[in-house]
Amino acid sequence: MDKFQTFTGIAAPMPAQNIDTDKVIPARFLKTIERKGLGKHLFNDMRYNSDGSENEDFILNKAAYRGAEVLVVGNNFGCGSSREHAPWALNDYGVKCLIGTDFADIFFNNSFKNGMLLIKLPKEVIDELMGDAKLGANARLTVNLEDQTITRPNGEVVKFDVDPFKKHCLLNGLDDIGLTMANKSEIDGFEGKDDGSRPWMPKIQLTD
Amino acid sequence: MAKPRTLFDKIWENHVVRTEDDGTALIYIDLHLTHEVTSPQAFAGLRAAGRKLRRPDRTIAVADHNVPTTDRSKGIEDPESKLQVETLESNVKEFGVPYIPVDDIRQGIVHIIGPEQGLTQPGMTVVCGDSHTSTHGAFGALAFGIGTSEVEHVFATQSLVQKPAKNMRITVKGTPPEGTTAKDLILAIIGKIGTAGGTGHVIEYAGDAIKNLSMEGRMTVCNMSIEAGARAGLIAPDETTFEYLKGKPYSPKAGQWEQAVSYWSSLPSDDGATYDKEVELDATKIEPYVTWGTSPQDALPISAMVPKPEEFDDEGRQAGVARSLEYMGLTGGMPITDIKVDTVFIGSCTNGRLEDFRAAAAIAKGHKVAAGVRALAVPGSGLVKEAAEAEGLDKILTEAGFEWREPGCSMCLAMNADKLRPGERSASTSNRNFEGRQGPGGRTHLVSPAMAAAAAIKGHLADVREFLK
Ligand code: SF4
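If you're matching them up, the sequences are chains A and B in order. Under this note's numbering, the first residue of the first sequence carries the number 1, and numbering increases by one thereafter. Under this note's numbering, the first residue of the second sequence carries the number 1, and numbering increases by one thereafter.
Chain B with its partners taken away, still in its complex shape (with noise of 0.2 Å):
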């Protein structure tokens, strides 16, 4: 009998054009997405080699990083941001890449578009120079983030030369209980396994706890697999996967949908594969969390305090806790409750999906935001956005209190007009805590839609739980 296989063995097999004698394979890539940040100097390589795009068909572009959330019809006031986007505007043309522009209902985060519109399916290989891009694991599809020249490598190849990963599965058991959400997952996992933990890994998540999320809440899981230093995340096809691909724009279409479904039930992990690496979770256990330090692995849940250096064991450790606590300017033995934000941001290729919005209207709907606090909302793209304000959801957050803008990675990264100022706190969805992620100086507490919600109105961080009551 053949050996038992996991959904990445086989992704994997199902790719390998070629491999040398010790292991490293080029392997064919099914979809390259692209954006402004990562592929000027690719499209530059590609011009002065005299190099074509091999698989146009294959590849999609879209500015996100850099676009302006506010009024748009003024263009792009930045220099350097618009130099950026009218780089990618002139590459597509004269490579002929499919490319979204920015005052297309369809423009968003590359990560938010691709599922959108039906391009990430089951089984595929995805890669985007973009770390994120690991947040269509959670259709199934091998997929993660590459550098630049890497991004000019599948260009002009639309293959890849890689080393296989090894496999680990996450099992995450139970129910959580009410207020915690798929991003209170992911920050416990990583609070638990470290931003090293998954290192040289492919991290499949697996366990009732994740076959229960939908696909909204599976992609901010997968989304944040890199946090964990994973090189991809993973969680298997089901029919949760096949009901929101169904009848999207680029899924496959009648008459090739049943072959489609069938090669896509085929790919979860055998039973009796094993893994290079296990790890289990209880969810029943898990609170909503928040991060305190200048890492995603500093997360613990929202009733514990800010710890202090001294409870660590590790000397770097001790030494790297007291740096991130000044830089937050916080005091360890503080409730987290007590830290007060100024701004909220909503939004990201983590938490800036249809339910993300949703979520964070159910708790400030008839609630103000605190006065002295910004809050953001920014949907993932203009599909986004227009599905939220069908259900009225603009309407709630902007009643509370909330500025409700055009898509893109806004706050996330600050590479737009977005950002904190030094010394200035959000309670924000994104992703990265890291120093000056949001703006030079700017401190970073990474929470779920619904707590940033919650301290939106509270004015510091908060237990959703308590709006639950």
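Isolated chain A, as found in the complex (with noise of 0.2 Å):
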């Protein structure tokens, strides 16, 4: 995983409220046994007509917003399905994070696992942020997740939380599995108790 590292992108406004998976990556799109090429499909059904042409109307594509790399959101973002393919299809579009009032809890921890960085603000925050988004091409925010500061296109400074665990993991391109690789001392050990505990746990064999 790629470190995290403070960057100044287009924020687009997508102030709607519950934008589910099924709209962040339509379930026909999920054949894939890749992580990568799912940007072209992201918010496929609001983004193109049924002719395949692009939905001059959507957000992404209008010419200020091409390129955006943060999207602020209306609350529930990413309610649904648990399918990692929503934040890969964010991530392969571009997108380096997501702002908004609240997101869904399974969306929430995988787009995380593939270097994003959501933050939650009050509301009165994301209003005015949104407001930032509305204006186009002027529409940049700076994202520092060091200093845990947004900085907003009048200058002014937004401070957010982050989950210090997550933050560390961000910062330093960190795979979960290794660290968690690093205390099979502590897994060897609960099994070994469990099973003394619990012996009636299944043993799953097919025979046919």
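Derived by calculation from the structure, the hints in this document are not laboratory data. Quantities reported herein were computed from a predicted structural model and do not represent experimental measurements. The beta carbon of each residue, even a glycine, is placed where N, CA and C say it ideally should be. It is possible that part of the hints are untrue.
Some chain A residues flagged as far from chain B (calculated, every beta-carbon gap over 12 Å) [stated by the list, open to error]:
| no. | residue |
| --- | --- |
| 1 | Ala64 |
| 2 | Pro122 |
| 3 | Thr180 |
| 4 | Met181 |
Label pairs and their in silico Cβ distance ranges [what the hints assert, rightly or not]:
| no. | chain 1 | residue 1 | chain 2 | residue 2 | range |
| --- | --- | --- | --- | --- | --- |
| 5 | A | Leu171 | B | Glu89 | 35 to 41 Å |
| 6 | A | Ala16 | B | Glu403 | 53 to 59 Å |
| 7 | B | Arg323 | A | Ala64 | 41 to 47 Å |
| 8 | A | Gly115 | B | Ala304 | 42 to 48 Å |
| 9 | A | Asn172 | B | Ala417 | 41 to 47 Å |
| 10 | B | Gly372 | A | Lys62 | 38 to 44 Å |
| 11 | A | Met181 | B | Glu89 | 24 to 30 Å |
| 12 | A | Lys62 | B | Ala2 | 55 to 61 Å |
Could you use the hints to bring the two separately framed chains together as a complex?
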């Protein structure tokens, strides 16, 4: 995973509430066996007309917002399925950061595991950032994870909270599995104890 | 005296391997279910890092999302679906994962086969790369959906890094009226608390209306917990649970059964345990429910009218409702029973079990599916199919004009050939009415199996109670 670095990027406003994972990436694009390449289908059914042409009204199709790296989103973004294809599609498109009042739990976790930063802020602040994002090509926000700040186009600085462990992993590009493997002996210990206390637990072995 | 604990607290504490200073814990996973859609990248990750699967004996794989529900001898036509299933088959070989092949009688939707095989047991932690893993909470197991990075994490370490959830209790009191099922209860609950109502929480369902449900009904309720934004749903294990588990292939065997039951009996929440959030519902007031919009929270009794945007306070919500109505091709103020359907789907991990087909057959018996309606009945597993056929349910349904299919996810999310065409409208027993969920441009109304059968016969959304008179 790449390390998360401070960047200044265009922010696109997506104020609709409850944008679900089927909107982020419709189910018919889940047939891939790769992580890459889903960016072209990001928000597919909102982004393209049924004949495959671009829907001019969709925010990311407007000249000012092509290549947006930040999305300022409505409440409960990412609700629905656990599919990691949603963060993969966002990531592949080039989105690095989503800012909103609240996100669906699984989507939130999945996004961090793919190197994206999701920031939760109170409604008043989101309203202001949404206003910034509506400024079109001037809608540039600077996101600094180290300092936990967002710098608005007018120079004002907004602080945000982030889970320290998630921050550490993002900044250092760390893979969770490697970290957990370092605690292997504790997992061994748990299993040893558990075999004694719950001896009835299934041992799956399928025979034809 | 020790602090009273909830069912969630107990399962959580029993699985903590280690805790960090900030409360983040490494928790042990007892059972990992896996399928073809969310696993390929996880297996690829293991391979790239040269890692092994830690507990093949606690992992089980099955293909369900992409499998055809018609004649399987021809194999899978769609090349991408085919590749996903073949990739799963080669991965399970390479990593030694127990796998139920597509032509095995036990094949079916991953959330149906876990309970059916006795793999899902009270007090367990169960995960799957699929949000409806919440289904297994019906057994008093902490069961939740995970993303593919976490699937890989569980493959390699049989554990997950998690923050404890908050406790929420939803108590449903009283006896629901005739014609009202577990599906109506959960739609009413989501209609009340909204799709973000459970965010950050594990919902424990309680009250006599829940307690009196069969295991299958409990699974329907827990299945849709994720639609209320919850991490998981839970129902305390009791005699109904134990009775269901007795004699299943992977249930504890004689000699260990008593020991297991005594452990399971210690799990229900202690008296005086506290919850971060409490909601109460009166089951006697619940009617058969149906959704009108594009979010599961857009649920109303069948006797209601389609709402108008101006009936909502919030401006954002008004815009959302207007957009939903446009997508759904509906006008605010029209009676819900005036909504015509051209497709009916009975199946999915929400309502694809034996009782669901019994309920549908009870309504369909002696009637005919309305002209112009395509009605699909898709059992959740090969064993459900076999049991339904043994009772003659397939005959009743096919005589009425339903198609009786092979098991799989089918039209729940339209990854296989079973899809709505643009503009088509379904009454569906699945769990999501999102835009395009059942096929691009398709319109979905979520209902119970009995309500779905009623809609099939009438050709429009209909009140199942008319059939009970
Ligand atoms: S039946 Fe539907 S909800 Fe259930 S696992 Fe399959 S696709 Fe997911």
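Exercise. Honestly, which of those hints from before does the structure not fit?
Worked result: Violated: hints 3, 4, 6, 7.
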